[in-house]
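Undergrad: These protein sequences, in sequence, are chains A and B. Residue numbering for the first sequence follows our numbering, starting at 1 and increasing by one per position. Residue numbering for the second sequence follows our numbering, starting at 1 and increasing by one per position.
The reader is advised that the hints may include incorrect statements.
What the hints assert, rightly or not - Distance condition first, Cα-Cα at most 30 Å in a straight line; then the derived DSSO-like pairs of lysine-lysine: (1) K217/B <-> K233/A; (2) K12/B <-> K98/A; (3) K172/B <-> K188/B; (4) K5/B <-> K234/A; (5) K213/B <-> K86/A; (6) K163/B <-> K85/A; (7) K84/A <-> K19/A; (8) K217/B <-> K86/A; (9) K85/A <-> K217/B; (10) K188/B <-> K177/A; (11) K233/A <-> K163/B; (12) K172/B <-> K84/A.
Please keep in mind that the hints were generated in silico from the structure rather than gathered at the bench.
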Amino acid sequence: MSQTFDIKRFGQLVLHDVKRCSPRVGTVGAVLISELTFTPLMVLSQNFLTQDPHGAGYRLMLMVLMSAFLASMMPMQLYPNVGKKKTGVYFALLPASKWEKYLSMALLSLVLVPLTLMVANVAIDSLLTAVQAPYYHKYLWQSEALQWIEPAMVCNCALAFIGPTLGFIYANAIQNKTCRNIMSMVLWLWLMGGVFSMMILEMADLAGMGWYIVAAQALLAVLMGFLGWNKMKKMNY
Amino acid sequence: MIEIKNLDFSYKKTSVFSNINLSFPQGAIYGLLGENGVGKTTLLKLICGLQRPGQGTCTVDGMTCYDRLPAMLQRIVFLPDEVQLPDNATPQQYVNELAPFYSTFSQGTFLHLMQELEVEPDRRFKEMSFGQQKKSLIAASLSLGTDYILLDEPTNGLDIPSKAQFRSILSKMADEGKTIIISTHQVKDVENLIDPIVILSHNAVLLDASVQKITEKLFFEYGGEVREDALYSELLPGGYMNVVPNTTGEESQINIEALFNAVLRNKNQINELFK
Chain A
1 MSQTFDIKRF GQLVLHDVKR CSPRVGTVGA VLISELTFTP LMVLSQNFLT QDPHGAGYRL
61 MLMVLMSAFL ASMMPMQLYP NVGKKKTGVY FALLPASKWE KYLSMALLSL VLVPLTLMVA
121 NVAIDSLLTA VQAPYYHKYL WQSEALQWIE PAMVCNCALA FIGPTLGFIY ANAIQNKTCR
181 NIMSMVLWLW LMGGVFSMMI LEMADLAGMG WYIVAAQALL AVLMGFLGWN KMKKMNY
Chain B
1 MIEIKNLDFS YKKTSVFSNI NLSFPQGAIY GLLGENGVGK TTLLKLICGL QRPGQGTCTV
61 DGMTCYDRLP AMLQRIVFLP DEVQLPDNAT PQQYVNELAP FYSTFSQGTF LHLMQELEVE
121 PDRRFKEMSF GQQKKSLIAA SLSLGTDYIL LDEPTNGLDI PSKAQFRSIL SKMADEGKTI
181 IISTHQVKDV ENLIDPIVIL SHNAVLLDAS VQKITEKLFF EYGGEVREDA LYSELLPGGY
241 MNVVPNTTGE ESQINIEALF NAVLRNKNQI NELFK
C-alpha cells in the first residue's frame, strides 16, 4: 500500500472528514439558509424597485457572488482545529498521508461544499420559477445574461474563490492567532477584489486587462496551494 | 522497535534534548519520569512524529517518525494529557470514526474495556466527567490494537478503582507483546507496572534501566536510621528509608519516588554505577 496516496484510504479519509464535519452542518445549514433567503429577497427588492421582470441574470450574479463568498468561508468552519496544538493532534495522527489529508481538505472546501451550495441554489431558484413566484419568470439557464458572460469573467470569479479558499486552508494551519487573523483579512480583500475586479475594470475602461488579472490570481492561487501544503507537511504540535 | 539516535531538540533557543540515545524494544511497559519541563511530553511527541527533531533520528520500526507515514501511524497511538473531544459525540461514535484506519481495531475489545472501566459507550462526552472522558479515551486508544501505546499522564483524573483496572488492562496488553510508554508524575499509580524505567533530566537521559538492574545496583532499605552512604533518605512511618549502592547483592523492593530523588541528587554517581 502506497504511503503517499492510496485511493481506498483517501476515500475513507474523505468520508471521515465529511462525518467529522457533520456537527458543523448546523453552521453550513445556517449559511445555506441565509444565502437562499438573501438571494430571493435581493431579487424581489431589486425587481420591486426597478419593475424589471427579467431578473434571471441578476439572480445568477447574486448566486455566484454569494456562493463564492460563503463557500470560501467553509475551510474555517470545517477545519478550525487543524493548527491548534491541543486539537490538531487528532488530525495529525490519523493514519493517512499528509498529502491525502491536504487533498481531502481541498476536495471538501473547493468541490463538495460549493457544489452543494450551487445545487441547492439552482434547485430553490428552479422551484421558485416553476411555481411562478413574483419576478421569477425565467429559469437561470434561460437567462440572456449567459450570452454576455466572458471567459475572463468566469475565470476571475472562479479564481477569486479558489485562491482565497486555498488561502483559508493555509491560514487554518497558522498557529499564531494574530498572523492567522491578518492573513484572513487579506484573503477577504482578495475575495472581494477578485470577484468585483471585472466590474471595476469595466468602470475604469480597462476591461482588456481581464486576463492579466486572471493570470495574477492564478499565480496567487498556486502560491496559496503551495504554502498550505508546505505548512501542512511541516506542522509541529 | 522505537529507536532514538543522537537526538537534539529545542524550542526556539531553549534546548530540551542534546544528543540523547534511547531504544524501546517491543513488549514492555516503559516508565518515563522526570521533573516538570524536562521534555517527557516532548519525547512522546517526537516518537509519534508531532515534533521535528533538530538533529539525529527518531524511528518506529525503521520509519522516520516525523514523516508521519500511514504505516507508522497505524502502529502507534498517543493519548495526550489533555484532549479536546467532540462534545456531542459518544465514545462509540468516536471509535467508529477511527476504526476504518486501523485494521487491528477490535469492537469487542473496545466494549470489553468500556465495561471494565465502567463507562457507557453511548453516552455523550459532554455528559461525562473528566475521569469518564479519560477512561473512554483509554478504552478507545487501546482497542485500536496498535503495537505502540504512548500515554501521557494516563492516571490523571482516574478514581482509585479505575487505576487498578487500568494497571490490569496494561499488564495484559504488555503480555500480548505491546510496547507501552507511560509518562507520569503519579509514580505510585504505576509503581509495580513499569519496567524498565527511564529518567530524563534537562538535555539528557539520567537513567535507562530495568527494575532488575536497578535492584542489582541499588539497595532500598526500609525502617532504619539515616545511613552515611545513602544516596537518598526519607523519613517514613516506622523509620528512614535509604537508597544506597548495593554492595551485598541483596534484593530489595524498589521505591520509584525514592529512586527518582536519588538519581536527581547524585547524577554523576548514578551514571558511574549504571555504566
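Undergrad: Does each hint hold? Answer for all of them.
TA: A quick look at each hint next to the structure:
A C-alpha spacing of about 46 Å is found between K217/B and K233/A, which places the hinted pair above 30 Å, so the restraint is violated. A threshold of 30 Å between alpha carbons decides the hint, and for K12/B with K98/A the separation of about 24 Å falls inside it, so the pair holds. For a cut-off of 30 Å, the pair hint linking K172/B to K188/B stands: about 19 Å separates their Cα positions. Among the hinted pairs, K5/B with K234/A is consistent with the structure: their alpha-carbon atoms are about 21 Å apart, no more than 30 Å.
As the CA atoms of K213/B and K86/A are separated by approximately 37 Å, the hinted pair breaks the 30 Å bound. Of the supplied pair hints, the one linking K163/B and K85/A holds, its CA atoms being roughly 28 Å apart against a limit of 30 Å. Straight-line distance between C-alpha atoms of K84/A and K19/A comes to about 20 Å, which keeps the hinted pair within the 30 Å bound. With a C-alpha separation of about 41 Å, the suggested pair K217/B and K86/A falls outside the 30 Å cut-off, and the hint is violated.
With a CA separation close to 41 Å, the supplied pair K85/A and K217/B exceeds the 30 Å bound. About 40 Å separates the Cα atoms of K188/B and K177/A, which puts this hinted pair outside 30 Å; it is violated. A distance of roughly 38 Å separates the Cα atoms of K233/A and K163/B; the hinted pair therefore is violated under the 30 Å criterion. Distance hint between K172/B and K84/A is unfulfilled; the C-alpha atoms sit about 34 Å from each other, more than 30 Å.
Checked against the numbered hints given earlier, the structure breaks hints 1, 5, 8, 9, 10, 11, 12 and satisfies all the rest.
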